[in-house]
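Protein chains: 2
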Amino acid sequence: MKRPAGQHPGSIVIVGCGRLGAMLASRLSRSGSRVVVIDHDSGAFALLEAGFSGFRVTGDAVEHDVLREAGLAEAACLLAVTEKDTLNLMVAQVAKTIFAVPQVIARVYDPTFEALYRKLGIHTISPTSLTAREFLRVIEQESGRP
Amino acid sequence: MKRPAGQHPGSIVIVGCGRLGAMLASRLSRSGSRVVVIDHDSGAFALLEAGFSGFRVTGDAVEHDVLREAGLAEAACLLAVTEKDTLNLMVAQVAKTIFAVPQVIARVYDPTFEALYRKLGIHTISPTSLTAREFLRVIEQESGRP
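These protein sequence lines map, in sequence, to chains A and B.
Its first residue numbered 1, the first sequence is counted upward by one per residue in the numbering used here.
Its first residue numbered 1, the second sequence is counted upward by one per residue in the numbering used here.
In short, the hints are calculated from the structure, not lab data.
Mixed in with the good hints there might be a few duds.
Put simply, identical chains are the same to the list, so a pair is met inside one copy or across any two.
[Claimed, not checked] SDA-like, lysine to any residue: derived pairs with alpha carbons at most 25 angstroms apart: (1) K84 to P111; (2) K84 to S129; (3) K96 to L136; (4) K119 to E140; (5) K119 to S53.
If we strip away everything but chain A, and leave its shape as in the complex, we get (with noise of 0.2 angstroms):
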């Protein structure tokens, strides 16, 4: 395990590390952020791309010493990206009530639960909707519908 020792103030968190969270952790860090990036699953840090300059840290994110050791105390963001919404909302809430971090993002795919958690403060984003707005979009766009 890397140990992401003397995290400054500010560093962006993000917990599971699949095509998103590597996407998302890819592009934040070659823009300059100070990214960590935590999986359970070591080889999925194979996703990131060659230049990442950031953290890994390898382990379960709901336990909170690993959460500790990532940084999250002193971060400023933390984006729960995991396939698994159970998992990103836990995570998120942790994030938000423990760690009182500024900006707490979770990946859901049911959005069902989204005014909820936006009232504890976490920001869903909803992938299922994303895609549907944007469906509809190019059928109107080329259509003409509908």
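Use these hints to put chain B onto chain A, whose structure you have.
The following block gives chain B in isolation, referenced to the frame of chain A:
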């Protein structure tokens, strides 16, 4: 199986009635489009909203007979939105090359082959890219970064 007999030109055929397929089918149907939705699992149709007035076809969309039964030969548009990239791209290619459907759009999680498919006349939409863009927008908007 409910037969969508007598499809008139201009219908929208949707392959895959998961969260995205059901959302698109419901919205397009509500806004007056003639919609046919195909899924291999008839239980998936439970995701359609109560007032859905389109047609449901239970079957495997890799079988041309199933696509024919759904009226694909006369359709104006095919949306391939199952959970599987390979299946979506296969159905999209069949729709374009064999059924000559004017507008073909596929959900593809892996955007690697986007350019290739665009050359074949297939518009691909990547939830990963869309979602990453939205995350970056929200991060920037709320904190002035990256």
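Hint check results:
1. Within a single copy, K84 and P111 get their C-alpha atoms as close as 13 angstroms, and across copies as close as 21 angstroms, so both meet the 25 angstroms cut-off.
2. Taking CA atoms no more than 25 angstroms apart as the test, K84 paired with S129 passes in both settings, with 17 angstroms inside one copy and 18 angstroms between copies.
3. Within a single copy, K96 and L136 get their C-alpha atoms only as close as 34 angstroms, which misses the 25 angstroms cut-off; across copies the closest is 19 angstroms, which meets it.
4. Taking CA atoms no more than 25 angstroms apart as the test, K119 paired with E140 passes between copies only; the shortest distance there is 21 angstroms, against 34 angstroms inside one copy.
5. Taking identical chains as interchangeable, the C-alpha atoms of K119 and S53 are never at most 25 angstroms apart, the minima being 34 angstroms within one chain and 35 angstroms between chains.
Of the numbered hints stated above, the single one contradicted by the structure is hint 5.
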